[in-house]
Amino acid sequence: MTTLSKEAIIEGLKKIVPGDRIVSEGQALKESSVDRFRKYESICGVWTQPIPAAIVYANSTEEIAKILTFANENKINVVPRNGASATEGGLETVVENSIVLDGSNMKKIIKIDPVNMQATCECGVSLQELDDQCRAMGLTTGHSPQSKPLAQMGGLVATRSTGQFSTLYGGIEDMVIGLEAVFPGGQITRIKNIPRRAAGPDIRHVVIGNEGTLCYITEVTVKLFPYYPDNNEFMGYVLDSMKLGFEILREVMVAGYKPSIARLYDPEDGAYHFSHFANNRCVLIFMSEGPKPIAEATATAIKEIVAKHPECEAVDPMYIQRWFEHLNWDPAKVAEEREEIAQTQNIGHTTEVSIVWSEIAGLYEAVMKRVRAEVPDLTMLGGHSSHSYMNGTNIYFMYYYNLVDIKPEEEISKYHMPIKSIIVEETIKRGGSMCHHHGVGKHRSHWIKEEYGSSYYILETLKQSFDPNGIMNKGSIFPVK
Amino acid sequence: MNVLVCFKAVPDLDSLHEQDWRSGDGSRPETRFVKTIINPLDESALELALKLRDNNGDIGLTAMTIGDEKADAILKTLLALRFDEVKRLSVSSAPLFNPEAVAAVVAEQAGGNYDLIIMGGQSADGANGATPLLVAEKLGWPCLTEVSALELNGGLITVESQCDDGCLRLEAKPPLVLAIGNAPSTYLRVPTLKDRMSLGKRPVEILALNDVSESGSKLTPLTLTVDDHSRSAEIIDGGAAEKAAVIWRDHVQPWLGKRRR
Amino acid sequence: MKFSVLLNGCSESFERRAAELRGFIRDHVGHEFVADKTIVLCPDFKKRDYFEANSVTPKLALVSLGGYQPEKALAALKDVCRDEEIMLLPGDFFGAEISVRLGARLGGAGFTGVTQMRLEDGKPVCDKKVYAQKMTASFKIEQLPLCLSIAKGIAEEADRVNEPLRETVEIDKTSEAGGEHIVSCGLTPQPDEAGLEQSDFLMVGGKGLGGPEGVERLKRLAEKAGADWGVSRPVAMSGWAPMERMIGVSGIMAKPEMCLCFGASGAAALYAGIARGRKIIAVNRDGKAPIIHQSDAAAIDDCLAVLDELAKLA
Numbered sequence: 001m002t003t004l005s006k007e008a009i010i011e012g013l014k015k016i017v018p019g020d021r022i023v024s025e026g027q028a029l030k031e032s033s034v035d036r037f038r039k040y041e042s043i044c045g046v047w048t049q050p051i052p053a054a055i056v057y058a059n060s061t062e063e064i065a066k067i068l069t070f071a072n073e074n075k076i077n078v079v080p081r082n083g084a085s086a087t088e089g090g091l092e093t094v095v096e097n098s099i100v101l102d103g104s105n106m107k108k109i110i111k112i113d114p115v116n117m118q119a120t121c122e123c124g125v126s127l128q129e130l131d132d133q134c135r136a137m138g139l140t141t142g143h144s145p146q147s148k149p150l151a152q153m154g155g156l157v158a159t160r161s162t163g164q165f166s167t168l169y170g171g172i173e174d175m176v177i178g179l180e181a182v183f184p185g186g187q188i189t190r191i192k193n194i195p196r197r198a199a200g201p202d203i204r205h206v207v208i209g210n211e212g213t214l215c216y217i218t219e220v221t222v223k224l225f226p227y228y229p230d231n232n233e234f235m236g237y238v239l240d241s242m243k244l245g246f247e248i249l250r251e252v253m254v255a256g257y258k259p260s261i262a263r264l265y266d267p268e269d270g271a272y273h274f275s276h277f278a279n280n281r282c283v284l285i286f287m288s289e290g291p292k293p294i295a296e297a298t299a300t301a302i303k304e305i306v307a308k309h310p311e312c313e314a315v316d317p318m319y320i321q322r323w324f325e326h327l328n329w330d331p332a333k334v335a336e337e338r339e340e341i342a343q344t345q346n347i348g349h350t351t352e353v354s355i356v357w358s359e360i361a362g363l364y365e366a367v368m369k370r371v372r373a374e375v376p377d378l379t380m381l382g383g384h385s386s387h388s389y390m391n392g393t394n395i396y397f398m399y400y401y402n403l404v405d406i407k408p409e410e411e412i413s414k415y416h417m418p419i420k421s422i423i424v425e426e427t428i429k430r431g432g433s434m435c436h437h438h439g440v441g442k443h444r445s446h447w448i449k450e451e452y453g454s455s456y457y458i459l460e461t462l463k464q465s466f467d468p469n470g471i472m473n474k475g476s477i478f479p480v481k
Numbered sequence: 001m002n003v004l005v006c007f008k009a010v011p012d013l014d015s016l017h018e019q020d021w022r023s024g025d026g027s028r029p030e031t032r033f034v035k036t037i038i039n040p041l042d043e044s045a046l047e048l049a050l051k052l053r054d055n056n057g058d059i060g061l062t063a064m065t066i067g068d069e070k071a072d073a074i075l076k077t078l079l080a081l082r083f084d085e086v087k088r089l090s091v092s093s094a095p096l097f098n099p100e101a102v103a104a105v106v107a108e109q110a111g112g113n114y115d116l117i118i119m120g121g122q123s124a125d126g127a128n129g130a131t132p133l134l135v136a137e138k139l140g141w142p143c144l145t146e147v148s149a150l151e152l153n154g155g156l157i158t159v160e161s162q163c164d165d166g167c168l169r170l171e172a173k174p175p176l177v178l179a180i181g182n183a184p185s186t187y188l189r190v191p192t193l194k195d196r197m198s199l200g201k202r203p204v205e206i207l208a209l210n211d212v213s214e215s216g217s218k219l220t221p222l223t224l225t226v227d228d229h230s231r232s233a234e235i236i237d238g239g240a241a242e243k244a245a246v247i248w249r250d251h252v253q254p255w256l257g258k259r260r261r
Numbered sequence: 001m002k003f004s005v006l007l008n009g010c011s012e013s014f015e016r017r018a019a020e021l022r023g024f025i026r027d028h029v030g031h032e033f034v035a036d037k038t039i040v041l042c043p044d045f046k047k048r049d050y051f052e053a054n055s056v057t058p059k060l061a062l063v064s065l066g067g068y069q070p071e072k073a074l075a076a077l078k079d080v081c082r083d084e085e086i087m088l089l090p091g092d093f094f095g096a097e098i099s100v101r102l103g104a105r106l107g108g109a110g111f112t113g114v115t116q117m118r119l120e121d122g123k124p125v126c127d128k129k130v131y132a133q134k135m136t137a138s139f140k141i142e143q144l145p146l147c148l149s150i151a152k153g154i155a156e157e158a159d160r161v162n163e164p165l166r167e168t169v170e171i172d173k174t175s176e177a178g179g180e181h182i183v184s185c186g187l188t189p190q191p192d193e194a195g196l197e198q199s200d201f202l203m204v205g206g207k208g209l210g211g212p213e214g215v216e217r218l219k220r221l222a223e224k225a226g227a228d229w230g231v232s233r234p235v236a237m238s239g240w241a242p243m244e245r246m247i248g249v250s251g252i253m254a255k256p257e258m259c260l261c262f263g264a265s266g267a268a269a270l271y272a273g274i275a276r277g278r279k280i281i282a283v284n285r286d287g288k289a290p291i292i293h294q295s296d297a298a299a300i301d302d303c304l305a306v307l308d309e310l311a312k313l314a
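Protein chains in written order, with our numbering: chain V, 1 to 481; chain B, 1 to 261; chain R, 1 to 314.
Think of the hints as simulated: they come from the structure by calculation, not from any bench.
Here the structure is a predicted model, which means the values were calculated and not measured.
Here a beta-carbon is modelled for each residue, glycine too, at the ideal position from N, C-alpha and C.
Take these hints with a grain of salt, some might be off.
To be verified - Footprint (simulated), chain V over chain B, 3 or more residues, beta carbon under 8 Å:
#: 1; segment: 27-36
#: 2; segment: 182-194
What the hints assert, rightly or not - Distance condition first, Cα-Cα at most 30 Å in a straight line; then the derived DSSO-like pairs of lysine-lysine:
#: 3; chain 1: R; residue 1: Lys-312; chain 2: V; residue 2: Lys-108
#: 4; chain 1: V; residue 1: Lys-292; chain 2: V; residue 2: Lys-308
#: 5; chain 1: V; residue 1: Lys-333; chain 2: R; residue 2: Lys-312
All chains, please: the whole structure from these sequences, using the hints.
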């Protein structure tokens, strides 16, 4: 990588942006060497990753182009960042003297267009703010990840985010109409906003989900939908078997209904959210929304489908509605979690995968069995399905463990990675995907070739073509050789 | 040394939806839709008791609550955390505003079996702030209040207590009732799945209790109303810099000008 | 109906607690109630003049104990207060523990955290905050004597009315039994060094500060702006700031002229600590947080971003 010293890098950056937007010392720099994957190390103040040379706050696409050009010419690793709610190591700076390129100053909502039902904004716009503004106009982005209060639009697109209403609205890849991205050579590229086209491959997908390894997303345009909160209908059921739960999710999906939420929690995961009514049983949740006749018809049909299974016991829908209102992670919740970890020495992480219907129950069982048998000091192991499709669903495994006799940096090697490995191995073995919506980051890249199989050729060629010097977020998606 | 820790399972009031404060049956807020948690000061009491045993092996720990089956999940957790005994005195709903009755039950259960009774100084919901004090009165034991830390030193209990003039450090002889106040860093620890599967499967002792909600009460609740602290809430728009400018120029600066020092 | 006042003359804060009780009687007690005497627990009778000067009522009883010890105090008070109907205690550590136990010991009712007292159908009715400070409950007191402690920090401090002291009685209870369980006792004084109770300009930070570093930024802004600073209970309990900086019902009850709240949702326990503030300005990311509608002006934004911008202006 670069032969430039930290001082020389900062000198170079100062020729592009004013010094007050370059952070080159202090706690912020250390914290920018990691994301929430290494939350335990960061709570303990132990920094195992190379500390970046600088954080640069860019104010415009042109500045980003200049910074990338400078980095490319000098082979400096750049970690693009927006919102910083990543959980899979995507923001870790794995090589010395990296630049963390932060776009959170670029927070202009350029246009909310109710005629063409699309909203255009800069990369640093917070989704919460965009969606709040849309809702005030009777519109919504339809995107609602748990990180909504933290996440920013550029980051959401870069990581192929999905949201709690994805079963109706789709993932971010279904929402992005057009965008602007800057490539390492400084090329500013704009993909125009059109309803559809058949003019070659859909190049949006080169950018969406690139995790900062190919380009820097500076602007996005997303679809808008009418917002009908009054028509929302929640449904909740308790039942004893995950297998049956998966079958009901499938029945609803293949019958052609589109609830906005279709979720299934196992007893352990459910106990974290629903201890006041679930009584250690599985919980099945649906929400229907949209124009009134559609919302009503969807709700009626779902109730009819579930009613065919007398094992499911309906609960007061208000339980579900109230739970849903408290689901998102805001900064206060993140701070509270850090404090609980520090005090109790108990920490939790997640791994989310997807697979076709015929394999889901087997995968769930296999993972539960192996993790319980192979990993010590577990305090909780559970999972839920939160995003369903015509051909399959996802499963989001949750695991907590007590940290016993370890140095801070051993949390990952003793507990987290062994668990993640089991989940990834069991998923890939069954033909599923090891990453449903958190992205690959830096800790699932070891399995990227298994994930892609022969199609890895396409992925690898993208990297070689667009980032020949390998300066874009080294270690993410593509393992460090 | 035998220690009895009393706790109350309460609704997580911080998560209670604004509407549910007003949508109850008129005499109470609607708390069905939030999770049940350990009353925060009682959680500190439980963790302080566990810490006491971490540092002094030979301590028998009993946890006790009065209430309905909502507390059972907590009791199982406490079993998994190696409480020797856990019991629930079963009533359809714990008396909310009758600390006399609660204290009478605790004192009767405690009998001559314990050297130390520990509990939070008050509950989040009833907020009587009286139960540990009344237990002490009924047993004729001394009571130390606003306790924030405790240790055991050769049969003597050392406690820190936040009193009006500062932090009291007291060395005292049991038997004692300790009312726990703000004790920093006392989140309850988490048991492993293995301990849940083995220790946590031990039985929770459940004893039926007659309805005590009215017994011995010296007061009658009349009304319960939600306080309204609404103010004009003028919303300041703009970016962070503009908002700061409005706060400073329109509100703080004019006031600073006429501030009396 | 008659009532007496019971104060702890062994405490440093005696004078202020006496002033608060005067304010409580003036503003929060129905006129059907008549003040009778002030009972003061004191180390000895040496400071008789001081206690007389601060008596809440024209009649004063000084009870010497040697020093404050709750068991000993209760043993003494059981005798001293045997004919009392209603006793008012301050809203502090002393008041909370003695009101309940003395009520029980006298065979009557003990009651804490009272915000109002009035007479209905010949019986005292007391209001207090319940349900995490969010609600007010009224209770009819069925059995006298009633020993009540007032809610912390709700009463204005009031000066003495210029009424001559009519009588002072000295009662020596230094030889009373009690407190034998205490082997040793030491006090680390923690006076309200920060002076937050008296602060006219207060900045309060909640969990939205994100950690000790955010608290540090709040502190720097406060210093620059000439304000005092405090934190919510979760922040203090997390160890991000010292406990004596805690604002709210279990900490400091402030009444600032100008109060800026950063990243605090406005949980009732915290809000109680600033509710008497003249102007409350809130900065919070969540527009639905109660602090927003309980403020005079509010900015819905990342509290640290606004805080840093304010630091440039201050």
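Each hint tested on the structure:
| no. | hint | verdict |
| --- | --- | --- |
| 1 | 27-36 | holds (count 5) |
| 2 | 182-194 | holds (count 10) |
| 3 | R/Lys-312 <-> V/Lys-108 | holds (22 Å) |
| 4 | V/Lys-292 <-> V/Lys-308 | holds (25 Å) |
| 5 | V/Lys-333 <-> R/Lys-312 | holds (28 Å) |
Comparing the model with each numbered hint stated earlier shows that all of them hold.
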